[in-house]
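S.K.: Each chain, written out:
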Amino acid sequence: MTTRDLVLAALFAAIIVALGLLPPIMLGFIPVPITAQSMGVMLAGVILGARRGTVAVLLVLLLAAIGLPVLSGGRGGLAVFAAPTTGYLIGWAFAAFTTGFIAERVVRPSQTSLTQTLGFFVAAVAGGVVVLYAFGITYLAFITGIGMNKAFIGSMAFIPGDVVKAVVAALAGRAVLAGYPLLPARA
Amino acid sequence: MKSLYVEGDSFFHRLPPRPKLILLLVASLALFLTRSPLLLGLAAGAAALLYSSLGIGWRQSRIRLRPILLTIAIVALATLVLNSMEEGIAVLLRLTTLMLLAAAVSATVPIGDFINEVTLAARPLERLGLVKASDIGLSVGLVIRFVPEVDSRFQQLRQAHQARGLKVRATTMIVPLIIQTLKSADEIAAAIDARGIRGQRQARNSEDSR
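Residue numbers (our numbering), protein chains in the order written: chain Z, 1 to 187; chain H, 1 to 210.
These are computed hints drawn from the structure, not numbers from a lab. Fair warning: there could be bad hints in the mix.
Capping the alpha-carbon separation at 25 Å, the derived lysine to any residue pairs in SDA-like fashion look like this [unchecked claim]:
#1 Lys167/H to Val168/Z
#2 Lys132/H to Ile192/H
#3 Lys2/H to Leu21/Z
#4 Lys167/H to Pro33/Z
#5 Lys183/H to Leu61/Z
#6 Lys132/H to Phe94/Z
#7 Lys2/H to Ser52/H
#8 Lys2/H to Gly179/Z
#9 Lys183/H to Met1/Z
#10 Lys150/Z to Thr71/H
#11 Lys150/Z to Thr86/Z
#12 Lys2/H to Arg14/H
#13 Lys167/H to Met1/Z
#14 Lys132/H to Leu182/Z
Computed, partial: chain Z to chain H, Cβ under 10 Å [stated by the list, open to error]:
#15 Ala10
#16 Arg75
#17 Thr144
#18 Met148
From chain H, some residues computed to sit far from chain Z (all C-beta separations above 12 Å) [claimed, not checked]:
#19 Asp9
#20 Arg18
#21 Leu42
#22 Ala46
#23 Leu49
#24 Gly55
#25 Ala90
#26 Ala160
#27 Leu166
#28 Arg169
All C-beta atoms in this analysis are idealised placements derived from N, C-alpha and C, irrespective of residue type, glycine included.
Full structure from sequences and hints, please.
M.R.: Here it is, written out as structure tokens:
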């Protein structure tokens, strides 16, 4: 990793932490509050690509693990890794990687803005919803022994919010690509 | 950002970080080997005793533990309803024990010691060529330094929105926030290299020439 890549990952980690400072928002049609922080995970993949995006997310998790209150709602410390929802935190790193991996391969500078946005949306859903929930639900099912089906049903309420986040992440990713492209840095 | 470390002179405070982290790791595995309410109850009691010996205080403890305790309670209740009483109690006791132990470790290991442990743990990975162990401390320092920076950018953007009578929306804030923040990467990277902090001039040159 070059120093610039390292700094970009660290800056993005700081953005993810700052997104956690925003109060959660309620959308009328979704029963649970949505936080901006998990959108930061999708954004990391979409904007920085697989490698740097994953490093950014790992840095946030490391900061949380060593006792800094960097997760949304001021959570932090090793105790957050002892919760039933820890699978989602572990899944963050894989979500950012998947999102970045797909975004790097699907989105090209020559495409129209609509195609780019759609590509980013697919990447964000694949990473930030499919992969993330695979980790979160498997962990929840394992730790409680309630079985995958019930764990899945219990997590469903959060999926619409994450799809909304994927839309915002795709739009933001496309706008950043137009304003300050970092993604096609696969030399 | 205030860390979760709490000054103190309890037995657990004086224990070096590594045995504490190993204890936590062993506990996180051992707790899943049994589902006996008696054993798990004893473990939870011991963890509670340990946590209370640190002198953190009720108020502070409530702020720290409530969000996690709440998710544990919800999930344990769901397990109780969906599966059995025994499973529900096991989940509750196991996760509460782990949470208390983890919180006790977090409260007694300062950030600097933690970074040393992480750097040490990353040495084998360094030999594999995956990471540079000394980069970990540097990156953690950078993130801690950047968070207030990002926050003040956010406040500026909010004021700019308000001055123009625009509603503060995530969709219109995020893009300028990210672009402004990431644009400073070149300057910061140049400053780090100019000071030779990563001590890898030759490695960097060979990367540049590729």
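S.K.: None of the hints should be skipped; say for each whether it holds.
M.R.: A quick look at each hint next to the structure:
For the proposed pair Lys167/H and Val168/Z, the alpha carbon gap of about 17 Å is at most 25 Å, so the pair holds. Under the criterion of a C-alpha separation no larger than 25 Å, the hint pairing Lys132/H with Ile192/H is consistent with the structure, at around 15 Å. At most 25 Å may separate the alpha-carbon atoms for a hinted pair to count; Lys2/H and Leu21/Z meet this at roughly 14 Å. Between Lys167/H and Pro33/Z the alpha-carbon distance is near 20 Å, which keeps this suggested pair within the 25 Å criterion.
Distance hint between Lys183/H and Leu61/Z is fulfilled; the C-alpha atoms sit about 24 Å from each other, no more than 25 Å. At most 25 Å may separate the alpha-carbon atoms for a hinted pair to count; Lys132/H and Phe94/Z meet this at roughly 21 Å. At most 25 Å may separate the alpha-carbon atoms for a hinted pair to count; Lys2/H and Ser52/H meet this at roughly 21 Å. With a C-alpha separation of about 34 Å, the suggested pair Lys2/H and Gly179/Z falls outside the 25 Å cut-off, and the hint is violated.
Straight-line distance between C-alpha atoms of Lys183/H and Met1/Z comes to about 18 Å, which keeps the hinted pair within the 25 Å bound. A distance of roughly 16 Å separates the Cα atoms of Lys150/Z and Thr71/H; the hinted pair therefore holds under the 25 Å criterion. Simply put, Lys150/Z and Thr86/Z have alpha-carbon atoms about 17 Å apart, close enough for the 25 Å limit, and the pair holds. As the CA atoms of Lys2/H and Arg14/H are separated by approximately 21 Å, the hinted pair is consistent with the 25 Å bound.
With a C-alpha separation of about 39 Å, the suggested pair Lys167/H and Met1/Z falls outside the 25 Å cut-off, and the hint is violated. Between Lys132/H and Leu182/Z the CA atoms are separated by roughly 23 Å; this keeps the pair inside 25 Å, and the hint holds. The interface hint given for Ala10/Z holds, since its Cβ lies 4 Å from the closest Cβ of chain H, which is under the 10 Å cut-off. The interface hint given for Arg75/Z is met, as the beta carbon of that residue sits about 6 Å from the closest beta carbon of chain H, less than 10 Å.
Given the 10 Å rule on beta carbons, the hint for Thr144/Z holds: about 5 Å separates it from the nearest Cβ of chain H. With a least beta-carbon distance of about 12 Å to chain H, the hint placing Met148/Z at the interface is violated under the 10 Å criterion. The Cβ of Asp9/H sits about 19 Å from the closest Cβ of chain Z, beyond the 12 Å cut-off, so the non-interface label holds. Every C-beta of chain Z lies more than 12 Å from that of Arg18/H, the closest at about 14 Å, which supports listing it as non-interface.
Every beta carbon of chain Z lies more than 12 Å from that of Leu42/H, the smallest distance being close to 18 Å; the non-interface claim holds. Remark: the non-interface label on Ala46/H is consistent with the geometry, its nearest Cβ contact in chain Z lying 15 Å away (cut-off 12 Å). With 12 Å as the threshold on Cβ separation, the claim that Leu49/H sits away from chain Z holds: the shortest Cβ distance comes to roughly 17 Å. The beta carbon of Gly55/H is kept farther than 12 Å from every beta carbon of chain Z, the shortest such distance being approximately 17 Å.
A Cβ of chain Z approaches the Cβ of Ala90/H within 12 Å, the least distance being about 8 Å, so the stated non-interface status is violated. Every C-beta of chain Z lies more than 12 Å from that of Ala160/H, the closest at about 16 Å, which supports listing it as non-interface. Every CB of chain Z lies more than 12 Å from the CB of Leu166/H, the least distance being 16 Å, so the non-interface label holds. With 12 Å as the threshold on Cβ separation, the claim that Arg169/H sits away from chain Z is violated: the shortest Cβ distance comes to roughly 10 Å.
Going through the hint list in order, the structure does not satisfy hints 8, 13, 18, 25 and 28.
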